[in-house]
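Enquirer: Residue strings, one per chain:
2 protein chains.
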Amino acid sequence: MPNPTAAMLVIGDEILSGRTRDSNMHHLAKALTEHGIDLKEARVVSDHAASIVAAVKALSAAHDHVFTSGGIGPTHDDITADCIAEAFGAHIDVREDARALLAAHYQRTGMEMNAARLRMARIPDGATLIDNPVSTAPGFTIGNVHVMAGVPAVFEAMVASVLPTLTGGAPLISETLRVDRPEGEIAGPLGDVAGRYADLSIGCYPFIRDGRPGANVVIRGTEGDRVKAALNDLVTAFAP
Amino acid sequence: MPNPTAAMLVIGDEILSGRTRDSNMHHLAKALTEHGIDLKEARVVSDHAASIVAAVKALSAAHDHVFTSGGIGPTHDDITADCIAEAFGAHIDVREDARALLAAHYQRTGMEMNAARLRMARIPDGATLIDNPVSTAPGFTIGNVHVMAGVPAVFEAMVASVLPTLTGGAPLISETLRVDRPEGEIAGPLGDVAGRYADLSIGCYPFIRDGRPGANVVIRGTEGDRVKAALNDLVTAFAP
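Chains as they are written, first to last, in my numbering: chain L, 1 to 240; chain Z, 1 to 240.
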């Protein structure tokens, strides 16, 4: 059975303006690969309601899971929860379970529960809360969409909360063969071996290090024996 | 007149598997912002022809410019040029101008021009070459799509080659106000000020540093006076 598929949606003007470098995509990609869920696509959109709604609808229809990051805080530009509700045609308002979590947190920490903070308790009807051990304000899952915060420490904690609840497939096994030659020299034999292992994904990732070209050849698959066999064939094929 | 809009398409399994952390998106986002082109959307897709073709068509139709990175090397998994040609219904084959560039480069460096390397001279009819001062193999522009390499040093050199040829708008001016208080405390007055400056983009980006919450409030616009005025209003609004 093929692994479940996933897409990621990063929401935030600050990524697209180059102000902030996103790190959540890389974190999620690694976590999903280990869990046996194949990340097929990622998108970054700005804090613009129509763009968010359209992306959620498209990705939710095309994949088993969608993971979003960003836009669920207390400020005026945090519009993700409302957009997700709109995408699902779900009613959204302050929900008692989320409000109670926040109220207890603010009471414990001596902070004031104001109107802005109450916005973080806006959860669509039918959604399940995602635990946030870092700063309490929860994420949520509705349908196949998992809605999480943009702050990396909180995003990572929410991924750790939600992933164990999802059925994974076979974790991807990968082997990397570093070749200190230009990829143009190994491309011929590499293509031959890749053609013989159509069940594996064999990629070639060139680099320039200290001014010299090289390449990492990465073999990925769910069956360890096949991955090893392809690795051995490549070593032989690349021998001078 | 509003600035031209752009989208980026990152192509490569290695990003989605978490093996490689993309840095080209962040580089392009900063370069476009400085040039007065608004990056509205970014997508990452795998080395899968149908996914690449569909993304190129969608982004090319929706934006003034599309910038792609990855998949134009000599190996079997480098399928970007053929996918771009397909998206535009253009014929693609080894083109003499690109072949001559590569032949001269390999002669100069004593490397062999083999079948794999010749693939890098596959350029769609009607495309303009993008200069690659790092490793010669060119990118290309067809229609509103600029096709560039994935290796960061080469990608960045190609961006530097192509950007001066594109008409930019007003560069975005931005001011950042760092507030060492939880964003829930400033969200109310922040929302009021943002409402009075609908011509600006005012975003709030929370962080946790040394265990303490804070936020960067970023004001962006093309008119420096308005950005300054909003900054002053925020300082006043946040005063204890």
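Hints were generated in silico from the structure; no laboratory data involved. Watch out, some of these pointers could steer you wrong.
The list treats identical chains as interchangeable, and a pair is accepted whether it falls inside one copy or across any two copies.
Taking lysine to any residue pairs in the SDA-like style, the calculated list, with each CA pair at most 20 Å apart, reads [to be verified]:
| id | residue 1 | residue 2 |
| --- | --- | --- |
| 1 | K40 | A170 |
| 2 | K57 | G195 |
| 3 | K30 | G18 |
| 4 | K30 | A50 |
Enquirer: The structure should be examined with respect to each hint, and the outcome stated for every one.
Expert: Hints, one by one, checked against the model:
1. K40 with A170: The answer is within: 16 Å in one copy meets 20 Å, while 36 Å across copies does not.
2. K57 with G195: neither (36 Å within a copy, 29 Å between copies)
3. K30 with G18: between (23 Å within a copy, 4 Å between copies)
4. K30 with A50: neither (29 Å within a copy, 24 Å between copies)
In this structure, the hints that do not hold are numbers 2, 4, in rising order.
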